[in-house]
Amino acid sequence: MRNMAVHHGFMLPQHKKASQKLLSTGHAVPIDDANREIRRDLGLEELPPTTHSNKKALSQVQEIMKRTGFKELIEGQKVEGANDD
Amino acid sequence: MMTETQTYSFFLGCVMPNRFPNLEASIRLVLPKLGIHLEDLDGASCCPAPGVIRSFDEPTWLALASRNLALAEMAGHDIITGCNGCYGTFKEALSEIQEHPHRLKEIQKVFKGTGLKYDGKVEAKHIIEVIAELGPEFIKSKVTRPINGIKVGVHYGCHLLKPSKNRPWKQTQRHTFLDELVEATGAQSVKYKDKNICCGAGGGVRGSQVAVSIDIAKEKLDNLIEAKVDCLVNVCSFCHLQYETAQVQLNKELGEERYQIPVIYYTQLLGLAMGLNPTELGFDKHVVNTQPLLDKIFD
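As they're listed, the protein sequences go chains A and B. Residue numbers for the first sequence follow my numbering, beginning at 1 and rising by one. Residue numbers for the second sequence follow my numbering, beginning at 1001 and rising by one.
Since the hints were made in silico from the structure, they are not lab data. Ideal Cβ placement from N, Cα and C applies to all residues, glycine included. Wrong hints could be hidden among the right ones.
Covered stretches of chain A, going by a simulated chain B footprint (3 or more residues, C-beta under 8 Å) [as the list claims (entries may be wrong)]: (1) 2-8; (2) 16-29; (3) 32-44; (4) 55-65.
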C-alpha cells in the first residue's frame, strides 16, 4: 500500500528525510557527533566499518539506488498534502 | 555455510553503531568469549529497514539487503546481526529469492559491473540465535558472577519471532528461549502482562507518528513497573532505542520521574555475569540511569 502511495507522490516528510539520509550516507540513521565521541570512549573506531568509513562502498550503494530508481523516486518526491492530483 | 570455527560477518545496521555503540561494544566483548568470532562486514549499509524502505520501494529494499548479504557471501561467512529489524530484512530477503528465483536474477542484473557476486547461499543469524544454539547450560558454565536477586522483564520483539514460517524457533506463541538465557545468568525472568506486545517503533511509526509510538511503549513500561522489574532485557537495537528514549519523553510529558527502568541488551547482562567491567560493557552510556541496577547487583 505504502509502495503505491509513494509511487503516486504521497510520502510523509519524516519518511522522505530518512530516505534522503539513506541516499546520502548509506544509513537511514547516520552517525552524529555525540556518538562519534561515545564510540571513542568505548574503544571502538570513531566511525563504524560501514559506508560511513568506506567511500567506495557508499558509491556502490548509491549506484544501486540509482539503478533501482530509488534516487529518482525520492528526489522527485512531493511530500504528503503537496500533491496536486 | 557456517564455518567450523563459528566465524560470522558482523552486520551492525544503523541504530547500534550510530546511536547505541555500547551494545556493539558488549557484543564484540562477549561473543568471542563464547567461541563466536566476528569479522567486520566492511562497507555494509543500512539493512535497509523493513518497515520503512521496503514499504516505500520493495525492489530497492531487496537490492540493498542482497548487497549486504552478498558482502557476507563473498567473505565466506553467514551474516549475523543484533537488531531484530535487520534480522527480519535478511530472513525475508533470502526467503523472497528462494521462493521466487526470478528475483535473484533481477538482483544479479542490478549488481552487474559493480563487483558484487551473489547467489543467495548465505544464511542470516541473530546474535541471540547463536547464543541459544549454545544453550543455557553452556551459558551457565561461563557465569562467574551470577546476577542473583535481579528481576528482569524480558522483551523478545516482533521481527525476532515473526513471521514464524521462516524463523528458526519452535512453533509456539509462548517462547521461553530468551527467558532461559536470562535465567542462565542467575537473574529471574518475571511474568508480566502483554509480554509480546510490539515496542511501538517499527513500521516507520516512530519516525512519523511519535505520539502513537510512545503510547504503545508506555503500555509495556506500565506493565513492567507493575511487575516490579529491576530492568528490561532486549535483543534489538531499535526496541532498545524505543524503550530508552520513550521513558525520557514520558517523564517530560507527565512532569514526573515514574519511568526509570534500565534498558539492558542481553550481551551486557551476560557480560556482567561473566565478570566483565560495567564500563567496558557500556553501562555508563545509557539514556536511563543503570546505576541503581548496578548497585543492586554489586550490593
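Here's how the hints hold up against the structure:
{"no.": "1", "hint": "2-8", "verdict": "holds (count 4)"}
{"no.": "2", "hint": "16-29", "verdict": "holds (count 7)"}
{"no.": "3", "hint": "32-44", "verdict": "holds (count 8)"}
{"no.": "4", "hint": "55-65", "verdict": "holds (count 8)"}
Against the hints set out earlier in the document, no violation occurs for any number.
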